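Asks: Single-letter residue listing:
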Amino acid sequence: MHVLEVQSLQKSYRLSGKVVEAVRDVSFNISAQEVLAFLGPNGAGKTTTIKMIAGLIVPDRGSVAIAGRNPHRQPNALRSLGAVLEGNRNIYWRLTPEENLEYFGVLRGLSGRVARQRAKVLLDRFDLSHKRKTTVQTLSRGMQQKLAIAVALIHEPQLLLLDEPTLGLDVEATQTVKQLVREIAHEGRAILLTTHQLDIAEELSDRVAIINKGKIVAQENTVDLIRQFSGTVYEIELEDGLSRDFLETLGRDRFQKLKSLGALIEKNCIYVRETELLYQALDILKPLAIARIEKDQANLTDIFLKFIREDYYA
Amino acid sequence: MLELLIAQLKWSSIQYRRYASEAIGGVIALTATFYGLFLSASYIGGGSVRFGDRLDSVIVGYVLWSLVIFIMGGIPGTLQREAQVGTLEQLFISPFNATQILLFRAIGDLIIQTFLISIVLIIIMVTTGRWLSFSPALILPFITVVLGAYGIAFAAGGLALIFKSIQQLLGIFNFALLFLLTIPTETWSGTQQVLGWILPMTTGAGLLRDLMARSQPLALPLLGLALLNGLVYFALGVSLFRWAERAAKRRGKLAGY
Numbered sequence: 001m002h003v004l005e006v007q008s009l010q011k012s013y014r015l016s017g018k019v020v021e022a023v024r025d026v027s028f029n030i031s032a033q034e035v036l037a038f039l040g041p042n043g044a045g046k047t048t049t050i051k052m053i054a055g056l057i058v059p060d061r062g063s064v065a066i067a068g069r070n071p072h073r074q075p076n077a078l079r080s081l082g083a084v085l086e087g088n089r090n091i092y093w094r095l096t097p098e099e100n101l102e103y104f105g106v107l108r109g110l111s112g113r114v115a116r117q118r119a120k121v122l123l124d125r126f127d128l129s130h131k132r133k134t135t136v137q138t139l140s141r142g143m144q145q146k147l148a149i150a151v152a153l154i155h156e157p158q159l160l161l162l163d164e165p166t167l168g169l170d171v172e173a174t175q176t177v178k179q180l181v182r183e184i185a186h187e188g189r190a191i192l193l194t195t196h197q198l199d200i201a202e203e204l205s206d207r208v209a210i211i212n213k214g215k216i217v218a219q220e221n222t223v224d225l226i227r228q229f230s231g232t233v234y235e236i237e238l239e240d241g242l243s244r245d246f247l248e249t250l251g252r253d254r255f256q257k258l259k260s261l262g263a264l265i266e267k268n269c270i271y272v273r274e275t276e277l278l279y280q281a282l283d284i285l286k287p288l289a290i291a292r293i294e295k296d297q298a299n300l301t302d303i304f305l306k307f308i309r310e311d312y313y314a
Numbered sequence: 001m002l003e004l005l006i007a008q009l010k011w012s013s014i015q016y017r018r019y020a021s022e023a024i025g026g027v028i029a030l031t032a033t034f035y036g037l038f039l040s041a042s043y044i045g046g047g048s049v050r051f052g053d054r055l056d057s058v059i060v061g062y063v064l065w066s067l068v069i070f071i072m073g074g075i076p077g078t079l080q081r082e083a084q085v086g087t088l089e090q091l092f093i094s095p096f097n098a099t100q101i102l103l104f105r106a107i108g109d110l111i112i113q114t115f116l117i118s119i120v121l122i123i124i125m126v127t128t129g130r131w132l133s134f135s136p137a138l139i140l141p142f143i144t145v146v147l148g149a150y151g152i153a154f155a156a157g158g159l160a161l162i163f164k165s166i167q168q169l170l171g172i173f174n175f176a177l178l179f180l181l182t183i184p185t186e187t188w189s190g191t192q193q194v195l196g197w198i199l200p201m202t203t204g205a206g207l208l209r210d211l212m213a214r215s216q217p218l219a220l221p222l223l224g225l226a227l228l229n230g231l232v233y234f235a236l237g238v239s240l241f242r243w244a245e246r247a248a249k250r251r252g253k254l255a256g257y
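Chains as they are written, first to last, in this note's numbering: chain A, 1 to 314; chain B, 1 to 257.
Because the hints were derived from the structure by calculation, they are not lab data. One thing to keep in mind: the hints can contain errors.
[To be verified] Chain A regions said to be covered by chain B (calculated; three or more residues, Cβ under 8 Å):
1) 213 to 223
2) 267 to 277
[To be verified] Ranges between beta-carbon positions, derived for each pair:
3) B:ILE119 - A:ARG73: 43 to 49 Å
4) A:MET1 - B:SER118: 38 to 44 Å
5) B:SER215 - A:HIS130: 55 to 61 Å
6) A:ASP206 - B:LEU2: 37 to 43 Å
7) A:ARG14 - B:SER215: 57 to 63 Å
8) B:ALA247 - A:LYS18: 35 to 41 Å
9) A:GLN175 - B:SER239: 39 to 45 Å
10) A:GLU21 - B:THR33: 38 to 44 Å
11) B:ARG18 - A:ALA298: 50 to 56 Å
12) A:ALA298 - B:MET1: 51 to 57 Å
13) A:GLY43 - B:ILE119: 31 to 37 Å
14) A:ARG73 - B:LEU5: 24 to 30 Å
All values derive from a computational prediction rather than experimental measurement. Glycine included, each C-beta is placed from N, C-alpha and C at the ideal position.
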């Protein structure tokens, strides 16, 4: 069973007398232990979709079900939802981490006693115990973000919405948040992740949905999507450049053999098209020192831009 | 529900304790405003003006006015502050509805504010030399006034959700309230008396004046009317707020002030 089911969501706004379709027929599901990267340029409809899932915006059409319950009609559906929203602090800066966790725990339906117990566990787990009595405004940005995620988990929701969770974080804090996202998904929660940092989306997501102008233009398993857009070209990088003298030493016939395989030679890199040809090229190059062999791999940034641009020209 | 109320009380007390200077500043401002009002009334009326039991009424009216202003500004103020600090949406992502959360938050704030206003009252009594009589029966008309005030607060909160900035409107409300709470409707008769019963909070405020300033016994029929008045305004305010919440969610304007 899917933890989140989004069916044909639609939302239009009236702006200066004109109707703007913010979200058009958006559908996707997320299962337990799954991270869906929900990507799109600014103004594509990501935030509107997320807010419709969280019950903060009423859709014109379509439905949302969190653990089988509609957040717009059944408030109990929100017991299964935790959210860290972009552009928001999400926590009270005047309170301490402990006070934030306890307060939001009760707000999410826990008893005070359970909220206190869970707060202690989460403070330990998120390495914030030593700061539990410090007001949030004096914590580092990374700690504040960790706390916002901890607060979103206080009631142990099945679905976690993470809108730009690494925005504005330094390298170390980003690594920590990435590790936390992995752990949280591994525990069995479904995660909807939006980010403009596509390398992070690529690293963390099981599936990707790309939205543009309110419509989903691609939705696929992340590995399959990258494989689909990756070529079959191998790049062999040699430790020393193939200088004219070196080619003389190597022998012109070996150079010719590489060319006859259809290999492209550029500085100290040799490009061959297929796996079979790779081994033949390696035989030819023996015993030269090889620095790196890599298959041409597309990345999510290229794929994302391709979809967005194709959609633009269409 | 009780857990939520306790959590809200704790939330409010932490805010006041941690930022005590703001609370103390509030007490000073309230006391100074009253003193200003008192002095200007004396100036306009001439040095020979004698308030007599009217001064007691003015004191009760003023204290009540400041408390009701606090209640009335509480809910729209909370919505605006939460939106500014970026926590508003987290309040709406809760299995409790926003009305419950805001009401409990407002009750938590009111308990603390009542304590602060008690201090103001004591300062006012010391400075004017007038000692008001307190009776446990005060709580009943006080509740009727507070109910009406919460009704208006929810209505104002609803307007804040839809129109966002309502500070100027709240400013006008404050003066309308001064009229509602200090006008002696308990002395009106005939059609005027009926109007007094319909106006928000005035009947309860009149009962408070009778009890505190005139040391009269509690008039139960009037208390019934005051309670009905408070309940009707409370229900109207909550209904308006819920409508505004739905409208804001339809228009995608819940946050963003």
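Asks: All the hints need checking, so say for each whether the structure fits it.
Replies: To see whether the hints hold, each was checked on the structure:
| no. | hint | result |
| --- | --- | --- |
| 1 | 213 to 223 | violated (count 0) |
| 2 | 267 to 277 | violated (count 0) |
| 3 | B:ILE119 - A:ARG73: 43 to 49 Å | holds (47 Å) |
| 4 | A:MET1 - B:SER118: 38 to 44 Å | violated (56 Å) |
| 5 | B:SER215 - A:HIS130: 55 to 61 Å | holds (59 Å) |
| 6 | A:ASP206 - B:LEU2: 37 to 43 Å | holds (42 Å) |
| 7 | A:ARG14 - B:SER215: 57 to 63 Å | holds (60 Å) |
| 8 | B:ALA247 - A:LYS18: 35 to 41 Å | violated (20 Å) |
| 9 | A:GLN175 - B:SER239: 39 to 45 Å | violated (50 Å) |
| 10 | A:GLU21 - B:THR33: 38 to 44 Å | violated (52 Å) |
| 11 | B:ARG18 - A:ALA298: 50 to 56 Å | holds (52 Å) |
| 12 | A:ALA298 - B:MET1: 51 to 57 Å | holds (54 Å) |
| 13 | A:GLY43 - B:ILE119: 31 to 37 Å | violated (52 Å) |
| 14 | A:ARG73 - B:LEU5: 24 to 30 Å | holds (26 Å) |
Of the numbered hints listed earlier, those contradicted by the structure are 1, 2, 4, 8, 9, 10, 13.
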